[in-house]
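Residue numbers (the working numbering), protein chains in the order written: chain P, 1 to 200; chain V, 1 to 200; chain L, 1 to 200.
One or more of the hints may lead you astray.
Heads up, the list lumps identical chains together, so a pair's fine if it works in one copy or across two of them.
Claimed, not checked - Here are the simulated EDC-like cross-link-like pairs (lysine to aspartate or glutamate), alpha carbons at most 20 angstroms apart as the crow flies:
id, residue 1, residue 2
1, K108, E8
2, K191, D94
3, K81, D94
4, K191, E117
5, K193, D29
6, K193, D61
7, K191, D172
8, K108, D53
9, K81, D29
10, K191, D62
11, K193, E107
12, K81, D62
13, K191, D29
In case anyone wonders, no lab produced these hints; they're calculated from the structure.
What follows is each chain in one-letter form.
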Amino acid sequence: MDLQYGLELVGTFVFAISGALAIREREHDMFGAGFTGFITAIGGGTLRDILLDSYPLVWVDDVWFLYAILVGVLAAFTFPKFLSELRRTFFLFDTLGIAFFTVLGVEKALNLGMRPEIAAIMGMFSAVMGGVIRDTLTNEIPILFRKEVYASACLAGAIVYLILNSYEVSRDINLLISIAVIIAIRMLSMKYKISLPRLD
Amino acid sequence: MDLQYGLELVGTFVFAISGALAIREREHDMFGAGFTGFITAIGGGTLRDILLDSYPLVWVDDVWFLYAILVGVLAAFTFPKFLSELRRTFFLFDTLGIAFFTVLGVEKALNLGMRPEIAAIMGMFSAVMGGVIRDTLTNEIPILFRKEVYASACLAGAIVYLILNSYEVSRDINLLISIAVIIAIRMLSMKYKISLPRLD
Amino acid sequence: MDLQYGLELVGTFVFAISGALAIREREHDMFGAGFTGFITAIGGGTLRDILLDSYPLVWVDDVWFLYAILVGVLAAFTFPKFLSELRRTFFLFDTLGIAFFTVLGVEKALNLGMRPEIAAIMGMFSAVMGGVIRDTLTNEIPILFRKEVYASACLAGAIVYLILNSYEVSRDINLLISIAVIIAIRMLSMKYKISLPRLD
Numbered sequence: 001m002d003l004q005y006g007l008e009l010v011g012t013f014v015f016a017i018s019g020a021l022a023i024r025e026r027e028h029d030m031f032g033a034g035f036t037g038f039i040t041a042i043g044g045g046t047l048r049d050i051l052l053d054s055y056p057l058v059w060v061d062d063v064w065f066l067y068a069i070l071v072g073v074l075a076a077f078t079f080p081k082f083l084s085e086l087r088r089t090f091f092l093f094d095t096l097g098i099a100f101f102t103v104l105g106v107e108k109a110l111n112l113g114m115r116p117e118i119a120a121i122m123g124m125f126s127a128v129m130g131g132v133i134r135d136t137l138t139n140e141i142p143i144l145f146r147k148e149v150y151a152s153a154c155l156a157g158a159i160v161y162l163i164l165n166s167y168e169v170s171r172d173i174n175l176l177i178s179i180a181v182i183i184a185i186r187m188l189s190m191k192y193k194i195s196l197p198r199l200d
Numbered sequence: 001m002d003l004q005y006g007l008e009l010v011g012t013f014v015f016a017i018s019g020a021l022a023i024r025e026r027e028h029d030m031f032g033a034g035f036t037g038f039i040t041a042i043g044g045g046t047l048r049d050i051l052l053d054s055y056p057l058v059w060v061d062d063v064w065f066l067y068a069i070l071v072g073v074l075a076a077f078t079f080p081k082f083l084s085e086l087r088r089t090f091f092l093f094d095t096l097g098i099a100f101f102t103v104l105g106v107e108k109a110l111n112l113g114m115r116p117e118i119a120a121i122m123g124m125f126s127a128v129m130g131g132v133i134r135d136t137l138t139n140e141i142p143i144l145f146r147k148e149v150y151a152s153a154c155l156a157g158a159i160v161y162l163i164l165n166s167y168e169v170s171r172d173i174n175l176l177i178s179i180a181v182i183i184a185i186r187m188l189s190m191k192y193k194i195s196l197p198r199l200d
Numbered sequence: 001m002d003l004q005y006g007l008e009l010v011g012t013f014v015f016a017i018s019g020a021l022a023i024r025e026r027e028h029d030m031f032g033a034g035f036t037g038f039i040t041a042i043g044g045g046t047l048r049d050i051l052l053d054s055y056p057l058v059w060v061d062d063v064w065f066l067y068a069i070l071v072g073v074l075a076a077f078t079f080p081k082f083l084s085e086l087r088r089t090f091f092l093f094d095t096l097g098i099a100f101f102t103v104l105g106v107e108k109a110l111n112l113g114m115r116p117e118i119a120a121i122m123g124m125f126s127a128v129m130g131g132v133i134r135d136t137l138t139n140e141i142p143i144l145f146r147k148e149v150y151a152s153a154c155l156a157g158a159i160v161y162l163i164l165n166s167y168e169v170s171r172d173i174n175l176l177i178s179i180a181v182i183i184a185i186r187m188l189s190m191k192y193k194i195s196l197p198r199l200d
């Protein structure tokens with residue numbers, strides 16, 4: 001449990017950095033960048049918990065998430081160029097982050113007694129809706145509609161988790177497999193420029 | 001009650017199709033179209049229930065709504081051209097859908113003990129906010145600000161329902177009249193290109 | 001308490017006017033302007049209360065807020081030119097409004113047992129998120145990302161309130177000082193065109 005909590009804080013920190021950096025090229029000041037980092041980091045989990053009526057919200061209840069965000073935003077302020085040059089590293093962290101948050105979101109919904117279909121949606125929302133809200137607020141086309149295999153990788157990983165869970169695979173193994181599935185789908189689709197077919 | 005439940009599922013199905021098709025011309029892949037269909041179908045009712053603190057949300061509690069959406073999205077994927085050519089038919093269905101969901105939203109708010117003013121707003125939100133959220137996410141000007149007599153037709157129908165309800169008109173007759181009012185206002189305003197005055 | 005309630009209604013009324021006028025130059029009809037006034041007036045407090053799970057929402061529970069909005073929207077419809085020419089007066093009112101709603105939001109969160117960090121965020125959200133939601137719906141760049149010292153002035157005032165509160169300064173004096181801080185920061189930054197540094 002301690003490891004998981006630590007990973008959640010690290011994931012929140014990474015999301016805050018990528019959120020703050022996402023608007024770096026645009027006409028935003030430091031406050032706007034910090035606000036964007038905050039929204040990116042908490043948006044997905046907050047939406048999930050509002051939909052599930054699960055209160056208090058994680059970051060409202062546990063102030064360490066706020067400090068993880070604050071440190072992430074300050075890092076983005078202090079080393080913007082350095083962090084932007086780490087784009088490839090960040091892609092890895094971001095992929096790890098969405099994979100991890102997807103599975104945690106699925107587990108939270110299951111623990112609240114939700115059906116698997118709902119848990120799959122909540123897992124995906126946890127991972128991607130922070131970025132969607134950020135993009136909507138900053139008038140970007142949301143990431144969901146740009147990077148073809150992004151939210152769908154999360155949804156696929158969520159479904160894998162739920163299938164293995166129904167066969168009573170142990171939690172640790174299930175976590176590893178379903179996180180690996182999300183990472184593999186996203187990496188391979190980036191490498192080979194695979195995208196889902198368009199509707200036409 | 002069974003008829004009403006069936007109509008709710010059909011309405012959800014139709015909203016999912018129109019949501020998925022709404023972004024057909026744009027650069028979205030199948031996942032984006034499905035996501036948009038989902039948001040369009042559940043957005044209005046979800047916002048209403050969050051504002052009223054009415055949990056669990058309808059689609060979280062009853063998984064058949066998810067399947068109605070899934071079938072709608074798959075239909076949009078499978079027959080996009082055929083369905084798009086049915087534009088006039090869809091306009092009819094969409095008008096029927098917003099009229100029906102407006103009145104159901106009003107009734108739900110009244111059943112939760114809300115005042116009529118709040119019930120009118122909640123009825124209108126049920127019908128139109130799914131489309132507003134969809135348009136906001138996809139960077140369109142929301143339908144509310146484009147089609148002049150759209151949300152205002154719903155609000156008018158909601159008010160008619162509330163007035164008749166206060167005179168204790170029977171529910172079936174009231175439903176028919178207030179749904180007919182919404183349909184008539186929208187149809188006539190389209191036919192004669194009537195719009196509300198602008199502010200200037 | 002009566003004075004505070006009156007000020008809340010007046011603040012809501014002013015926010016509704018400025019929301020309705022904000023889209024005056026654009027292609028919106030009267031319904032869209034009214035809707036925008038409504039969202040501007042209730043958006044921030046509604047988001048705060050959803051995040052804090054504080055139900056019923058203020059405007060759902062007390063219908064006088066709806067009427068304050070309605071009167072504000074009707075005023076914007078009836079005297080749009082006159083009110084637009086009062087831009088400088090409105091700037092004063094808007095600044096007073098965000099200062100006042102910030103402090104009330106902080107107090108509400110504290111009364112619900114929240115930590116000061118959360119109360120500061122909730123105070124800022126109460127004041128600025130109505131405008132952010134309005135701008136997002138109407139495809140504008142949110143005010144938060146445009147006017148540099150806007151939300152940050154609110155956050156500064158919230159922090160001042162919390163510091164003085166922790167030293168048990170009496171509520172009336174604290175209200176006056178923290179509201180004055182917000183107004184002073186915003187006024188001075190406008191007058192001397194001060195803005196926060198950008199991230200680059």
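Now for the hints, and whether the structure bears them out:
1. In the homo-oligomer, the alpha carbons of K108 and E8 lie at most 20 angstroms apart inside one protomer (13 angstroms), although the nearest pairing across protomers, at 29 angstroms, exceeds that limit.
2. Taking identical chains as interchangeable, the C-alpha atoms of K191 and D94 lie at most 20 angstroms apart only when both belong to the same chain, with a minimum of 16 angstroms there against 42 angstroms between chains.
3. When the C-alpha separation of K81 and D94 is checked against a cutoff of 20 angstroms, the pair qualifies only within one copy, where the shortest distance is 18 angstroms, while the shortest distance between copies is 37 angstroms.
4. When the C-alpha separation of K191 and E117 is checked against a cutoff of 20 angstroms, the pair qualifies neither within a copy, at 30 angstroms, nor between copies, at 42 angstroms.
5. With identical chains, the CA atoms of K193 and D29 are at most 20 angstroms apart between copies only, with a shortest distance of 14 angstroms across copies and 34 angstroms within one.
6. For the identical chains of this complex, K193 and D61 are neighbours neither inside a copy (41 angstroms) nor across copies (38 angstroms), given an alpha-carbon limit of 20 angstroms.
7. Neither within a single protomer nor between protomers do K191 and D172 lie at most 20 angstroms apart by alpha-carbon distance, with minima of 28 angstroms and 59 angstroms respectively.
8. Taking the shortest alpha-carbon separations for K108 and D53, both the intra-copy value of 12 angstroms and the inter-copy value of 19 angstroms come in at or below 20 angstroms.
9. With identical chains, the CA atoms of K81 and D29 are at most 20 angstroms apart within one copy only, with a shortest distance of 16 angstroms there and 33 angstroms across copies.
10. Neither within a single protomer nor between protomers do K191 and D62 lie at most 20 angstroms apart by alpha-carbon distance, with minima of 38 angstroms and 39 angstroms respectively.
11. Taking the shortest alpha-carbon separations for K193 and E107, neither the intra-copy value of 31 angstroms nor the inter-copy value of 50 angstroms comes in at or below 20 angstroms.
12. Within a single copy, K81 and D62 get their C-alpha atoms no closer than 31 angstroms, and across copies no closer than 49 angstroms, so neither meets the 20 angstroms cut-off.
13. For a Cα distance limit of 20 angstroms, the shortest separation of K191 from D29 across copies, 18 angstroms, qualifies, whereas the shortest one inside one copy, 34 angstroms, does not.
Hint compliance for this structure: hints 4, 6, 7, 10, 11, 12 are not met, and every other hint is.
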